[in-house]
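There are 6 protein chains.
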Amino acid sequence: MAPSLDEYTGFKHFLISSPAEYVAHVETNRPEKLNAFFEAMWLELGEIFRKLSHDPNVRAVIFSAAGERAFTAGLDVQATNQGGMLSPDGTIDGSRFATRVRRYIHEFQDSISAIEKCEKPVIVVMHGISIGLAIDMSCCADIRICSKDTKFSVKEVDIGLAADIGTLSRLPKIVGNHGWVKDVCLSARFFDANEALAVGYVSRVTEDKAGAIDAATKLATLIASKSPVAVQGTKEILNYSRDHSVADGLHYTAVWNSAMLHSTDVASAMLSGIKKTKPRFEKL
Amino acid sequence: MAPSLDEYTGFKHFLISSPAEYVAHVETNRPEKLNAFFEAMWLELGEIFRKLSHDPNVRAVIFSAAGERAFTAGLDVQATNQGGMLSPDGTIDGSRFATRVRRYIHEFQDSISAIEKCEKPVIVVMHGISIGLAIDMSCCADIRICSKDTKFSVKEVDIGLAADIGTLSRLPKIVGNHGWVKDVCLSARFFDANEALAVGYVSRVTEDKAGAIDAATKLATLIASKSPVAVQGTKEILNYSRDHSVADGLHYTAVWNSAMLHSTDVASAMLSGIKKTKPRFEKL
Amino acid sequence: MAPSLDEYTGFKHFLISSPAEYVAHVETNRPEKLNAFFEAMWLELGEIFRKLSHDPNVRAVIFSAAGERAFTAGLDVQATNQGGMLSPDGTIDGSRFATRVRRYIHEFQDSISAIEKCEKPVIVVMHGISIGLAIDMSCCADIRICSKDTKFSVKEVDIGLAADIGTLSRLPKIVGNHGWVKDVCLSARFFDANEALAVGYVSRVTEDKAGAIDAATKLATLIASKSPVAVQGTKEILNYSRDHSVADGLHYTAVWNSAMLHSTDVASAMLSGIKKTKPRFEKL
Amino acid sequence: MAPSLDEYTGFKHFLISSPAEYVAHVETNRPEKLNAFFEAMWLELGEIFRKLSHDPNVRAVIFSAAGERAFTAGLDVQATNQGGMLSPDGTIDGSRFATRVRRYIHEFQDSISAIEKCEKPVIVVMHGISIGLAIDMSCCADIRICSKDTKFSVKEVDIGLAADIGTLSRLPKIVGNHGWVKDVCLSARFFDANEALAVGYVSRVTEDKAGAIDAATKLATLIASKSPVAVQGTKEILNYSRDHSVADGLHYTAVWNSAMLHSTDVASAMLSGIKKTKPRFEKL
Amino acid sequence: MAPSLDEYTGFKHFLISSPAEYVAHVETNRPEKLNAFFEAMWLELGEIFRKLSHDPNVRAVIFSAAGERAFTAGLDVQATNQGGMLSPDGTIDGSRFATRVRRYIHEFQDSISAIEKCEKPVIVVMHGISIGLAIDMSCCADIRICSKDTKFSVKEVDIGLAADIGTLSRLPKIVGNHGWVKDVCLSARFFDANEALAVGYVSRVTEDKAGAIDAATKLATLIASKSPVAVQGTKEILNYSRDHSVADGLHYTAVWNSAMLHSTDVASAMLSGIKKTKPRFEKL
Amino acid sequence: MAPSLDEYTGFKHFLISSPAEYVAHVETNRPEKLNAFFEAMWLELGEIFRKLSHDPNVRAVIFSAAGERAFTAGLDVQATNQGGMLSPDGTIDGSRFATRVRRYIHEFQDSISAIEKCEKPVIVVMHGISIGLAIDMSCCADIRICSKDTKFSVKEVDIGLAADIGTLSRLPKIVGNHGWVKDVCLSARFFDANEALAVGYVSRVTEDKAGAIDAATKLATLIASKSPVAVQGTKEILNYSRDHSVADGLHYTAVWNSAMLHSTDVASAMLSGIKKTKPRFEKL
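Residue numbers (my numbering), protein chains in the order written: chain L, 11 to 294; chain A, 11 to 294; chain X, 11 to 294; chain V, 11 to 294; chain Y, 11 to 294; chain Z, 11 to 294.
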């Protein structure tokens with residue numbers, strides 16, 4: 011990805027690198043504040059993922075955070091409350107405050123949803139403190155990996171609100187144990203990496219953060235070696251199917267594939283299969 | 011909840027108490043008949059949960075059954091069949107019988123659904139025989155806990171009918187193992203507490219019923235200590251999201267929170283967080 | 011099922027037998043080619059399952075494949091590509107090629123969906139190589155059993171396309187671990203029987219294929235001993251509920267049962283329960 | 011309906027009579043206040059329609075209002091605001107006020123929706139002032155008839171709120187002119203009987219209220235002469251189809267009719283058709 | 011269509027001709043019985059429309075009926091009832107009868123839905139008696155034209171059942187006047203061509219049947235002169251959008267067009283536009 | 011709106027003015043090219059409507075086009091095709107071309123959908139040539155007004171493609187005459203102002219463009235005089251209800267209004283009603 015890295019240098023709050031061909035690595039870079047997020051950060055994050063989504067030099071993305079202590083401690087509540095978003099300040103009536111809040115949440119959701127809408131698979135690596143917004147963001151990724159020291163919490167009820175950036179909409183569709191989802195969302199209790207693995211919220215637990223990054227890089231590299239037409243179609247159809255009936259999913263799949271079977275990828279893949287060589291696919 | 015207990019004394023088939031502040035405990039009280047249900051019971055149960063739903067003195071509910079032998083043996087088939095609901099008696103034609111059955115099922119479903127519609131989280135505690143209606147009712151609860159002696163069965167096919175009070179609609183959305191759901195629903199076989207835990211149908215298995223009640227009480231007390239605005243919003247949005255797309259869920263969340271961020275709970279919660287004190291929240 | 015077996019003798023690619031009363035066993039019979047599928051095979055398969063669906067002598071179906079090496083190696087890519095379905099041959103423009111592909115996929119999907127639409131429960135037994143179409147087909151079954159030597163792969167990305175016969179629409183609704191689904195679908199990596207069991211994709215793993223057939227036969231026989239009215243209603247409502255909201259599911263259940271409680275099965279079942287005899291149910 | 015009229019004598023705000031066999035007529039009876047509604051009234055209205063829904067002596071319902079001046083001037087705003095439902099009174103915080111309002115609206119909606127959920131067709135007759143709640147209620151009816159003096163308005167924006175008892179959810183599904191719906195809902199302007207007829211909101215305009223009642227009675231009598239199995243099934247399936255896809259509607263129709271073709275009504279109807287006599291149908 | 015006509019000669023109950031290039035005309039041919047339908051007829055009709063759907067020589071279809079008296083008098087009730095489909099005959103219990111009915115309705119619906127699923131636009135021409143099944147079938151067509159003598163009725167309630175072959179699911183989505191739909195479906199009253207035109211059920215009324223056929227032929231010829239890629243995509247997306255949200259519709263449109271913009275049709279169409287010549291499009 | 015006009019001066023392709031208090035007027039300004047659109051234009055249009063959506067000085071928007079000849083002649087096909095979006099240029103394979111097209115359509119749709127997503131009501135004024143994109147854009151507006159010289163056409167099939175910027179998804183939900191929608195979309199024929207009025211596509215036809223602007227201004231001014239809380243809630247709920255069931259719509263309405271009844275608007279509106287004065291509402 012060396013040729014494209016230059017395009018990602020203007021960002022303030024995130025580091026972007028390319029650990030392997032066609033693999034991008036986005037790193038939240040505010041370790042001194044436990045990678046807590048404020049508005050400018052999530053707007054930038056949305057911008058980055060929208061760019062990666064269409065970048066032909068990228069076929070898989072790793073998302074992690076700098077430092078040893080936290081993937082993210084979530085929302086920087088102090089900064090957010092100064093913006094008057096968490097409680098009314100009396101200068102406007104209740105309906106107008108509600109409107110301000112609603113618009114604000116929509117904008118916030120849109121930024122975070124860019125991770126899910128990124129056409130390329132996203133693997134999130136979590137470590138240390140991973141609470142509140144950490145869960146919202148990780149639910150937008152396709153695959154979750156963490157180190158064994160990770161401490162998770164759907165923390166929002168502890169600050170008096172229902173999680174609003176996506177955890178409550180996405181977590182029940184990621185983890186097939188609705189009782190567990192209710193438990194952790196209603197109690198805001200911490201759960202550790204093993205529990206996360208047992209219920210299927212993460213796919214893998216490693217000894218430490220470095221190991222998790224390494225595992226994610228290997229998986230991203232593997233995915234990036236496949237036909238991008240096949241990989242991106244697979245992600246799209248899986249996300250479509252999550253929100254539709256099986257009949258709708260089948261119908262959509264047929265139309266999608268009718269558009270996407272025009273490539274040279276099938277021929278390349280089959281030839282490589284026979285010759286036992288590594289196929290090369292055109293950019294997408 | 012002492013001040014409100016008086017309001018719950020007129021019920022015949024259920025005992026209602028308050029084991030902790032803001033926690034209500036509803037107990038089916040027909041142990042001599044293995045807590046089998048007949049029509050008057052489920053109508054009363056619906057009434058109780060509708061009342062708890064809006065009772066400002068209640069923030070979490072435990073639902074269990076009296077006696078050592080059974081959470082419930084399900085429908086009291088004999089009583090129900092006398093009402094002519096399970097097979098036609100020849101006095102009316104097939105369509106009219108079908109209409110009678112349909113209305114009856116709707117009324118029955120509405121009573122049981124009141125557990126799910128209760129705005130406050132409901133933790134169900136199961137023990138001993140827990141078959142048929144036991145599964146329907148438990149699927150309406152948010153969290154399921156049981157003692158290790160519990161014997162479960164989706165028993166309906168054994169009496170010649172498809173489960174109609176909600177198991178078939180809700181169980182597949184609670185447990186993310188569709189093959190297992192098909193297996194137990196089609197075979198009517200018994201499964202035990204460990205299997206229930208392994209597939210995620212229950213969240214916890216205890217040594218005995220007393221232990222399960224104790225665990226439920228602790229969890230209910232924890233939940234009841236949180237902001238009721240946050241807790242009830244979390245339950246509502248999770249249930250909404252189960253039945254809608256992620257996009258719909260996000261949109262609904264934004265509107266819901268725009269209404270529910272007007273409270274003093276956020277300020278109370280954050281202040282308590284800083285001061286390390288226990289927050290107090292207004293009734294809801 | 012002896013009286014009906016004669017009706018199933020005209021099929022070329024599948025063996026059909028009746029290992030127990032009311033149980034049919036469909037076996038793919040192309041072991042010399044690892045049971046790979048070509049068009050005539052899936053058309054025949056669809057025909058068989060449509061016939062079984064309404065056959066009153068059948069109450070449960072087992073689906074497996076002949077030989078020791080493979081349940082199926084999936085699509086016979088060579089045969090399919092000769093039909094010009096996997097890449098354009100330049101004789102028609104892109105839109106016309108897309109139309110040909112779309113119609114072809116729909117027809118293919120319809121054949122495989124006949125397994126799911128079969129009104130009687132279907133238990134699939136997998137062994138050995140089980141890749142590509144193997145996963146699509148198994149996701150249409152109600153219950154999946156495999157021997158411990160089974161090697162699974164959602165193989166499609168390796169040949170440059172997104173799985174289009176149903177895996178991507180159905181697998182996420184069968185297995186409640188969306189991260190795992192993404193992982194295996196995006197990487198096309200192999201997974202073994204134990205992993206399949208751990209995530210809930212299969213319900214049981216046996217020592218060998220014979221053991222899996224045996225387990226499936228026992229389960230099918232058990233299901234076939236139940237009221238067919240109850241069993242078929244249970245399958246139908248579970249599949250309906252998967253694709254609808256809980257409210258819709260409850261409503262549908264009430265209407266379905268209003269039609270299906272007119273049988274003598276309830277009386278037979280209850281009487282047998284009292285007398286401890288095995289009930290006999292009329293054909294359906 | 012003479013035998014059943016006694017059962018409807020205990021209501022305070024509505025007159026109930028039977029102008030023809032199997033036809034019930036419900037009349038709002040607060041003409042001195044332009045039939046404006048307060049809470050006790052809509053609760054009673056809901057109760058009446060729930061009773062009519064299952065009353066075997068009723069096959070069609072007419073809903074109108076007493077007096078010459080108004081079908082209804084809508085919500086009795088003064089009475090409602092005293093209940094503190096339209097603006098916060100400062101005794102509770104914004105979230106708690108929001109909760110109170112939400113529960114109140116749900117209860118109000120449930121009462122009015124009872125008109126739509128009534129299993130028997132409902133014909134509403136409007137005259138004079140018909141604003142606000144008049145539109146909400148009329149949208150729950152199956153057929154709308156009015157006299158030419160009727161003055162309609164979706165009045166809510168004029169009192170500072172969005173119509174919340176159903177107009178905004180139902181009107182666009184009744185009238186196939188979304189621009190007109192937006193126009194009258196956003197501007198709160200009055201429209202007359204001719205405009206209502208032209209856009210299809212009402213089916214018929216008569217010279218005066220008496221004529222409208224007469225037309226409704228004739229239509230109700232005609233509908234009441236048909237097979238109640240057929241009529242009630244038709245209403246149910248039309249309402250189901252409004253909210254579902256065509257594929258879902260067809261599927262539901264097949265299941266519904268499989269339950270409802272067990273009657274003697276088909277034979278009676280066909281025999282009468284041949285003999286040119288009026289068929290008699292059993293009660294439902 | 012001359013080259014393909016030979017393929018349509020084997021049908022018994024329908025005449026098939028080609029009045030213009032790329033236009034097929036299907037005519038029900040049982041005028042001596044008012045074109046009433048029995049089972050073999052609708053099975054054949056389904057077969058014909060499935061064939062037309064993929065026939066590259068067909069770009070638009072006209073559907074009408076032979077003789078001067080009737081488009082169709084609907085179901086041949088006598089023939090159908092002999093099959094035991096309209097009322098139980100006592101040889102099987104209620105649930106088994108319900109199952110037989112349900113399967114039968116599904117098969118019937120599938121045949122008629124083939125008109126809607128036909129990828130090419132279908133224009134139906136109605137005349138004379140057009141009741142019951144006439145409405146079901148016409149609702150599957152894209153455009154409805156009739157002569158002024160046509161007498162319509164949603165006749166089913168008059169024979170004691172709810173219309174089950176699609177009228178109740180499709181008519182409310184064709185005609186934006188829900189009150190009118192309820193009126194004609196609940197009363198089974200006749201309505202004439204002018205009323206049909208006024209509510210938008212038919213698009214055009216002609217003096218006589220010949221005029222209607224002529225108008226349909228002109229419109230079909232016009233449509234057949236357009237790019238088949240554009241026409242068939244338009245039909246597909248309109249039908250998809252009817253059953254989905256606007257957001258879903260937009261998403262589907264983007265994917266569909268990404269597959270279907272690979273044609274030479276755009277270039278041909280634009281060139282013809284400039285040169286004022288008639289474009290020629292490849293077959294589809 | 012004088013104070014805010016300055017903020018809208020940087021736009022190149024649109025004129026923005028304020029004809030009345032709280033009313034904005036957006037005018038497409040490329041009359042010399044019949045207001046045909048190219049990419050930079052629709053991107054700018056999206057930006058403008060996103061800005062208006064949250065501008066507290068705007069409560070209603072008029073959208074029209076400069077010059078006497080055309081609202082818009084649609085897409086500037088020449089410019090678009092140079093971008094290689096309408097047919098493949100052979101430099102990339104079919105799948106990659108499909109991906110480029112899909113992304114392009116999504117971006118285009120997003121810009122146009124900003125008209126619909128604008129929280130304030132939008133009235134579109136059409137005149138002269140109004141084809142292709144004209145229909146897509148007008149379907150995003152809440153209310154459509156035109157002068158009698160307007161010539162409409164859903165023109166896309168004439169250039170070989172299915173309309174992809176929203177007409178096919180939105181028009182059937184605006185106009186309750188599905189046959190007419192199919193007719194004009196499949197034939198690409200022109201229709202005039204009277205036909206547009208008759209089917210309900212436009213709400214009003216005026217003598218000339220000036221009259222249409224005048225009518226729109228009066229209506230916008232009326233709407234802008236109402237409580238913005240009420241008006242914007244009404245628009246939002248109507249659009250939500252279009253895409254959801256009635257049950258979902260009612261539920262959403264209750265939550266929305268629980269957030270939006272905290273305003274001083276109800277009190278202001280009621281007081282003004284009593285005092286016969288014009289109410290003043292706070293900005294939103």
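Treat the hints with care, as some may be off.
Each pair may be met inside one copy or between any two copies, as identical chains are not told apart.
[Unchecked claim] Result set (DSS-like, lysine-lysine): computed pairs, CA atoms no more than 27 Å apart in a straight line:
(1) Lys22 with Lys61
(2) Lys286 with Lys61
(3) Lys61 with Lys127
(4) Lys285 with Lys127
(5) Lys158 with Lys285
(6) Lys61 with Lys161
(7) Lys286 with Lys161
(8) Lys285 with Lys43
(9) Lys61 with Lys158
(10) Lys43 with Lys288
(11) Lys61 with Lys228
(12) Lys286 with Lys43
(13) Lys228 with Lys127
(14) Lys288 with Lys158
(15) Lys293 with Lys61
(16) Lys22 with Lys286
(17) Lys158 with Lys293
(18) Lys285 with Lys161
(19) Lys288 with Lys22
(20) Lys286 with Lys127
(21) Lys285 with Lys22
(22) Lys228 with Lys161
(23) Lys43 with Lys228
Worth flagging that the hints you see were computed from the coordinates, not collected in a lab. The model shown is predicted, which means the values in this text are computed figures rather than measured ones.
Hint by hint, here is what the structure shows:
In this assembly of identical chains, the alpha carbons of Lys22 and Lys61 lie at most 27 Å apart whether taken from the same copy (15 Å) or from different copies (26 Å). For the identical chains of this complex, Lys286 and Lys61 are neighbours neither inside a copy (34 Å) nor across copies (43 Å), given an alpha-carbon limit of 27 Å. Taking identical chains as interchangeable, the C-alpha atoms of Lys61 and Lys127 lie at most 27 Å apart whether they share a chain (11 Å) or sit on different chains (24 Å). Proximity of Lys285 and Lys127 under a CA criterion of 27 Å is satisfied in neither setting, with 36 Å inside one chain copy and 40 Å between copies.
In this assembly of identical chains, Lys158 and Lys285 lie within 27 Å of each other by CA distance neither inside one copy nor across copies; the values are 41 Å within and 30 Å between. Within a single copy, Lys61 and Lys161 get their C-alpha atoms no closer than 31 Å, and across copies no closer than 38 Å, so neither meets the 27 Å cut-off. With identical chains, the CA atoms of Lys286 and Lys161 are at most 27 Å apart between copies only, with a shortest distance of 20 Å across copies and 43 Å within one. Taking the shortest alpha-carbon separations for Lys285 and Lys43, only the inter-copy value of 20 Å comes in at or below 27 Å, while the best intra-copy value is 52 Å.
Proximity of Lys61 and Lys158 under a CA criterion of 27 Å is satisfied in neither setting, with 32 Å inside one chain copy and 45 Å between copies. For a Cα distance limit of 27 Å, the shortest separation of Lys43 from Lys288 across copies, 26 Å, qualifies, whereas the shortest one inside one copy, 44 Å, does not. Proximity of Lys61 and Lys228 under a CA criterion of 27 Å is satisfied intra-copy only: 23 Å inside one chain copy versus 44 Å between copies. For the identical chains of this complex, Lys286 and Lys43 are inter-copy neighbours only, at 21 Å across copies versus 49 Å inside a copy, given an alpha-carbon limit of 27 Å.
Proximity of Lys228 to Lys127 under the C-alpha cut-off of 27 Å is restricted to the intra-copy arrangement: shortest distance 23 Å within a copy versus 40 Å between copies. With identical chains, the CA atoms of Lys288 and Lys158 are never at most 27 Å apart, being 34 Å at best within one copy and 30 Å at best between copies. In the homo-oligomer, the alpha carbons of Lys293 and Lys61 lie at most 27 Å apart inside one protomer (15 Å), although the nearest pairing across protomers, at 36 Å, exceeds that limit. In the homo-oligomer, the alpha carbons of Lys22 and Lys286 never lie at most 27 Å apart, since the shortest distance is 44 Å inside one protomer and 34 Å across protomers.
In this assembly of identical chains, the alpha carbons of Lys158 and Lys293 never lie at most 27 Å apart, being 36 Å within a copy and 40 Å across copies at closest. Taking identical chains as interchangeable, the C-alpha atoms of Lys285 and Lys161 lie at most 27 Å apart only when they sit on different chains, with a minimum of 23 Å there against 47 Å within one chain. In the homo-oligomer, the alpha carbons of Lys288 and Lys22 never lie at most 27 Å apart, since the shortest distance is 37 Å inside one protomer and 38 Å across protomers. In this assembly of identical chains, Lys286 and Lys127 lie within 27 Å of each other by CA distance neither inside one copy nor across copies; the values are 34 Å within and 40 Å between.
Taking the closest pair of Cα atoms, Lys285 and Lys22 never come within 27 Å of each other, the shortest separation being 46 Å inside a single copy and 34 Å across copies. With identical chains, the CA atoms of Lys228 and Lys161 are at most 27 Å apart both within one copy (24 Å) and between copies (22 Å). Taking the shortest alpha-carbon separations for Lys43 and Lys228, neither the intra-copy value of 29 Å nor the inter-copy value of 34 Å comes in at or below 27 Å.
Consistency with the previously given hints fails for numbers 2, 4, 5, 6, 9, 14, 16, 17, 19, 20, 21, 23, ordered from lowest to highest.
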